[in-house]
Amino acid sequence: MKIILLLLSLITIGFSLPASAAQHDDYPVSSPPFSEGIFPCSNCHAGLEVNTRKRELKDEHTSIKLRHAEQERWCLDCHNAGDRDKLKLADGENINFTESYRLCGQCHGNIYRDWKAGIHGKRIGYFKGGKRTYFLCVNCHNPHDPKFKPIKPEPPPIRPEATHARQ
Amino acid sequence: MLSMGAMVGLSMGSISCTRDAVEEFLQKHFREMTEEEKKQVIRRLEAKYLKKYGKEFHISTQPADTGVLWGYGLDLSRCIGCRRCVYACVKENNQSRINPQLQWIRVIRLKKGSLINLENAEHYYNPETVPEPGFMYMPVQCQQCENPPCVRVCPVKATWTERDGIVVVDYDWCIGCRYCVAACPYKGRVFNWAEPNIPSAELNTGVHYLGNRPRMKNVVEKCTFCIQRVRQGRYPACVEICPTGTRKFGNLLDPNSEIRYLIENKRVFRLKEDFNTEPKFYYFFSA
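Sequence lines, in order, name chains A and B. So that you can map any letter, position 118 of the first sequence is 118 in this note's numbering, and since no number is skipped, the others follow by simple counting. So that you can map any letter, position 165 of the second sequence is 165 in this note's numbering, and since no number is skipped, the others follow by simple counting.
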């Protein structure tokens, strides 16, 4: 009997451990903004030889102009040569694209802290009693060119004198 | 009772004396209605809206939760003045689009370095793109004051603070005197100078009695933190539309809420604090 109990508890612990690991930093994030048909990356990359030399890409991904500490960095500092469908943290851990905030948080620690508290970035849906979605960093910032671009404002209110003149 | 009858007779002189019109005239103050009376009023209003707009409305009277006091945060270091919030609000809350044009959010532009100089603020700015170099943007809407001057001046108590801190208007009780408009130091209230003008297709039919239900000529209206949304646990429309994540919302009584975090960790101020209005709208700087 005791052995069975022991076994049972071991099994329970065995199951609960990975679950709690997954809960670590678990946020209901939205899907990453992949260009259509580009993911999984391994569709194309599986048959390609890995070239780890920093270079300008001439054949594919030509629309990507890196403006994000481009002197210091290039593709394979974040993308994963070993498993193209994952990203890579500085310590070598492979993470999913849906966890990309951890990658960004390696350098932008103060922003990451605010994002986790809901102060940086955007959350939509239900804050209580329903489904909510946290925007990933990359839903607003293009990771290759993260600075916000100016946008056209919505029209200003109509001046009261303009309304009166019409009548 | 006799005098009531006489009053009805007097005022109904020119209006057709239907049962609905009489009921509308005799409708009680919202806070004095029993649950049954509320249901009757909602039924009548829904029928009225269906006839008027050809759309089925669902009017909620959901009361405030206990243990909730709503607070709002706005990050001045992120706002780019794009006015997406203004129009999301207009759409969500069924404001009149044009003639009269009513908006509950006013985005003012300030020169960098003179943030407190509201007299030189500009809200008709219209450049090709925003943000413009050298300027800051500051959206202003009802600040949901804890000590609201607008409520104090209302001669008929048509406006009051709900238990969750939202300052609301019973449009059916408002007499259109506009004392509250004059009393508000934030220009948080607007008036329906004419019959509201909303394309039927754009009406939002999920409404709250004290919030975004269609209004009529001669009543005052204002931001309610999207009462119809937040009482269901949803973020306000302006929070959801903002492309820069400038707007934050939460329960001031919940120590783990986003709003509490920003009050405790960021540089925060409230607009015109010296007036002692105690706004529950916190401007902050995240960077």
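Warning: the hint list may mix true and false statements.
[Unchecked claim] Result set (DSSO-like, lysine-lysine): computed pairs, CA atoms no more than 30 Å apart in a straight line:
no., chain 1, residue 1, chain 2, residue 2
1, B, K187, B, K111
2, A, K149, B, K48
3, B, K28, A, K131
4, A, K116, A, K86
5, A, K128, B, K266
6, A, K147, B, K266
7, B, K157, B, K48
8, B, K28, A, K147
9, B, K39, A, K128
10, B, K112, A, K152
11, A, K149, B, K28
12, B, K91, A, K131
13, B, K272, B, K111
14, A, K128, B, K91
15, A, K147, B, K112
16, B, K28, B, K266
17, A, K131, B, K111
18, A, K58, A, K88
19, A, K116, B, K266
20, A, K149, B, K112
21, B, K157, B, K28
22, B, K266, A, K149
23, A, K152, B, K55
[Unchecked claim] Stretch-level coverage of chain B by chain A, calculated; a stretch enters the list once three of its residues show a Cβ under 8 Å from a Cβ in chain A:
no., region
24, 99-107
25, 128-137
Keep in mind that the hints were calculated from the coordinates and are not lab data. Yeah, the Cβ is synthetic: ideal placement off N, Cα and C, and Gly gets one too.
Against the structure, the hints:
no.: 1; hint: B:K187 <-> B:K111; result: 20 Å, holds
no.: 2; hint: A:K149 <-> B:K48; result: 46 Å, violated
no.: 3; hint: B:K28 <-> A:K131; result: 37 Å, violated
no.: 4; hint: A:K116 <-> A:K86; result: 22 Å, holds
no.: 5; hint: A:K128 <-> B:K266; result: 24 Å, holds
no.: 6; hint: A:K147 <-> B:K266; result: 23 Å, holds
no.: 7; hint: B:K157 <-> B:K48; result: 25 Å, holds
no.: 8; hint: B:K28 <-> A:K147; result: 55 Å, violated
no.: 9; hint: B:K39 <-> A:K128; result: 26 Å, holds
no.: 10; hint: B:K112 <-> A:K152; result: 20 Å, holds
no.: 11; hint: A:K149 <-> B:K28; result: 52 Å, violated
no.: 12; hint: B:K91 <-> A:K131; result: 23 Å, holds
no.: 13; hint: B:K272 <-> B:K111; result: 18 Å, holds
no.: 14; hint: A:K128 <-> B:K91; result: 23 Å, holds
no.: 15; hint: A:K147 <-> B:K112; result: 20 Å, holds
no.: 16; hint: B:K28 <-> B:K266; result: 45 Å, violated
no.: 17; hint: A:K131 <-> B:K111; result: 40 Å, violated
no.: 18; hint: A:K58 <-> A:K88; result: 24 Å, holds
no.: 19; hint: A:K116 <-> B:K266; result: 15 Å, holds
no.: 20; hint: A:K149 <-> B:K112; result: 19 Å, holds
no.: 21; hint: B:K157 <-> B:K28; result: 12 Å, holds
no.: 22; hint: B:K266 <-> A:K149; result: 25 Å, holds
no.: 23; hint: A:K152 <-> B:K55; result: 34 Å, violated
no.: 24; hint: 99-107; result: holds (count 5)
no.: 25; hint: 128-137; result: holds (count 4)
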